[in-house]
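Undergrad: Protein chains in written order, with the working numbering: chain A, 1 to 90; chain B, 1 to 162.
Honestly, the hints are just simulated from the structure, not real lab data.
None of the values given here were measured: they were computed from a predicted structure.
Note that CB positions come from ideal geometry on N, CA and C, so glycine has one too.
Incorrect hints may appear among the rest.
[Unchecked claim] 35 Å max Cα-Cα, derived DSBU-like pairs, lysine-lysine:
#1 A/Lys10 - B/Lys76
#2 A/Lys31 - B/Lys76
#3 A/Lys10 - A/Lys78
#4 A/Lys78 - B/Lys76
#5 B/Lys76 - A/Lys43
#6 A/Lys9 - A/Lys31
#7 A/Lys9 - B/Lys76
#8 B/Lys76 - A/Lys72
#9 A/Lys9 - A/Lys72
#10 A/Lys65 - B/Lys76
#11 A/Lys16 - A/Lys72
#12 A/Lys43 - A/Lys65
[As the list claims (entries may be wrong)] Residues on chain A that point at chain B, a partial pick, calculated with CB under 8 Å:
#13 Ala37
#14 Asp63
#15 Leu69
[To be verified] Quick list of the computed label-pair ranges, beta carbon to beta carbon:
#16 A/Gln68 - B/Glu8: 15 to 23 Å
#17 A/Thr29 - B/Ala109: 43 to 51 Å
#18 B/Thr15 - A/Lys9: 16 to 24 Å
#19 B/Thr15 - A/Asp44: 18 to 26 Å
#20 A/Gly76 - B/Leu101: 17 to 25 Å
#21 B/Thr14 - A/Asp26: 36 to 44 Å
#22 B/Ala48 - A/Gly76: 39 to 47 Å
#23 A/Lys65 - B/Glu8: 15 to 23 Å
#24 B/Thr59 - A/Gln68: 14 to 22 Å
#25 A/Lys16 - B/Glu8: 44 to 52 Å
#26 B/Gln118 - A/Pro64: 42 to 50 Å
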Amino acid sequence: MGTLFPIGKKVTVTAKSSVPVAGSGDDHTGKTGRVRAYTDLAKDDIIHIVDLDEPFFVYGPNDPKFDQLTGKPVQGNKVDWIEVPGSCLS
Amino acid sequence: MPYFYDLEFAATQTTAGTPQTQMAGKQVAAGAVLGIYGLICAARSLTAGGMTVQTKTNTAGGTVFSGGTAQTPTQKEPRAPVAQSTWVNGGTAITPGTTLLVRNAVGMAQTGGTGGLQPITPQAAIQIEGGTTPNPVDVEFVSNGVTSAVAFEQTLEIGEGL
């Protein structure tokens, strides 16, 4: 896997991960980025950490979704990397 | 000197008397030594009571935590490189690792008394060695309290390198 996806390689997520890796647990299919690092090298399907080209935003359990004064939507917390098994990348 | 970073998470102890993993981190393969240089917690409940946050390390060979919402450590020095270690918060449920060892616990008052811990020297910090397989494999922060629905803030200060 490390040969297929060396650090810095541009990758696209092609499938939803079957394991609950970090990155809000959503389906990240279609997101693009570059391989930043690896984890779980002891496992067959190495988990890759991917720096995303386009960060997305999530809300924590206490985070307001709207500004109390203006009523405008609040952006949420930026997620700029995800973890994806190598089998979900191309 | 290590590069220093911080992480802040607005957490909730949703269920009374139940340990909840609020933050967790791990070093990537071949990463620098990761040290925990600060843990600061402060709650804001109207109900008096006690809370704790435990620091746990996952012994080498254990299954690493999974899930969580990705969170990027913020550099103290804005020109410092991005952190190598990867962190998640409990915005999405974190599944704990399997061979956890409690290393310390800090207490705080549910009504606002701050609790925290800073190692007296860098060598006294809890550390994760980088390597092909980091050791320990992760570090996790677990809250518990006597009341449900307690909002609290948790701040971590971490350093990478010697």
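Undergrad: Determine for every hint whether it applies to the structure shown.
TA: Evaluated hints:
Distance restraint check for A/Lys10 and B/Lys76: the Cα-Cα separation of roughly 29 Å lies within the 35 Å cut-off, and the hinted pair is therefore satisfied. A hinted pair counts as satisfied when its Cα atoms are at most 35 Å apart, and A/Lys31 with B/Lys76 qualifies at roughly 29 Å. In summary, the hint linking A/Lys10 to A/Lys78 is supported, as the alpha carbons are separated by about 21 Å, within the 35 Å threshold. With a CA separation close to 18 Å, the supplied pair A/Lys78 and B/Lys76 stays within the 35 Å bound.
A distance of roughly 34 Å separates the Cα atoms of B/Lys76 and A/Lys43; the hinted pair therefore holds under the 35 Å criterion. With a CA separation close to 14 Å, the supplied pair A/Lys9 and A/Lys31 stays within the 35 Å bound. Restraint check for A/Lys9 and B/Lys76: the C-alpha separation of about 28 Å stays at or below 35 Å, so the hint holds. Only pairs whose Cα atoms come within 35 Å are accepted, and B/Lys76 paired with A/Lys72 is accepted, the gap being roughly 30 Å.
Between A/Lys9 and A/Lys72 the CA atoms are separated by roughly 38 Å; this puts the pair beyond 35 Å, and the hint is violated. Taking the CA atoms of A/Lys65 and B/Lys76, the gap is near 28 Å; set against the 35 Å cutoff, the hint holds. At roughly 32 Å between alpha-carbon atoms, A/Lys16 and A/Lys72 fall within 35 Å of each other, so this suggested pair holds. For the given pair, A/Lys43 sits about 38 Å from A/Lys65 by alpha-carbon distance, which is inconsistent with the 35 Å threshold.
Hint status for A/Ala37 relative to chain B: holds, with the closest Cβ pair at about 4 Å, below 8 Å. Annotation: interface hint on A/Asp63 holds; nearest CB of chain B at approximately 7 Å, less than 8 Å. Taking 8 Å as the C-beta contact cut-off toward chain B, the hint placing A/Leu69 at the interface is violated, the least distance being around 19 Å. In this structure the supplied range 15 to 23 Å holds for A/Gln68 paired with B/Glu8, their Cβ-Cβ distance being about 20 Å.
Taking 43 to 51 Å as the suggested C-beta distance range, the pair A/Thr29 and B/Ala109 conforms, at roughly 45 Å. Taking the beta carbon of each, B/Thr15 and A/Lys9 are about 43 Å apart, not inside 16 to 24 Å as hinted. A beta carbon spacing of about 36 Å between B/Thr15 and A/Asp44 contradicts the range 18 to 26 Å that was offered as a hint. Restraint check, A/Gly76 to B/Leu101: a C-beta distance of roughly 34 Å breaks the suggested window 17 to 25 Å.
With their beta carbons about 21 Å apart, B/Thr14 and A/Asp26 fall outside the hinted range of 36 to 44 Å. B/Ala48 and A/Gly76 have their C-beta atoms about 32 Å apart, which leaves the hinted 39 to 47 Å range violated. Distance hint check for A/Lys65 and B/Glu8: the Cβ-Cβ separation is about 19 Å, which falls inside the suggested range of 15 to 23 Å. Here the CB-CB span from B/Thr59 to A/Gln68 is close to 45 Å, at odds with the stated 14 to 22 Å.
The beta-carbon spacing between A/Lys16 and B/Glu8, approximately 30 Å, falls outside the hinted interval of 44 to 52 Å. The beta-carbon spacing between B/Gln118 and A/Pro64, approximately 31 Å, falls outside the hinted interval of 42 to 50 Å.
When the structure is compared with the earlier hints, violations turn up for hints 9, 12, 15, 18, 19, 20, 21, 22, 24, 25 and 26 and for no others.
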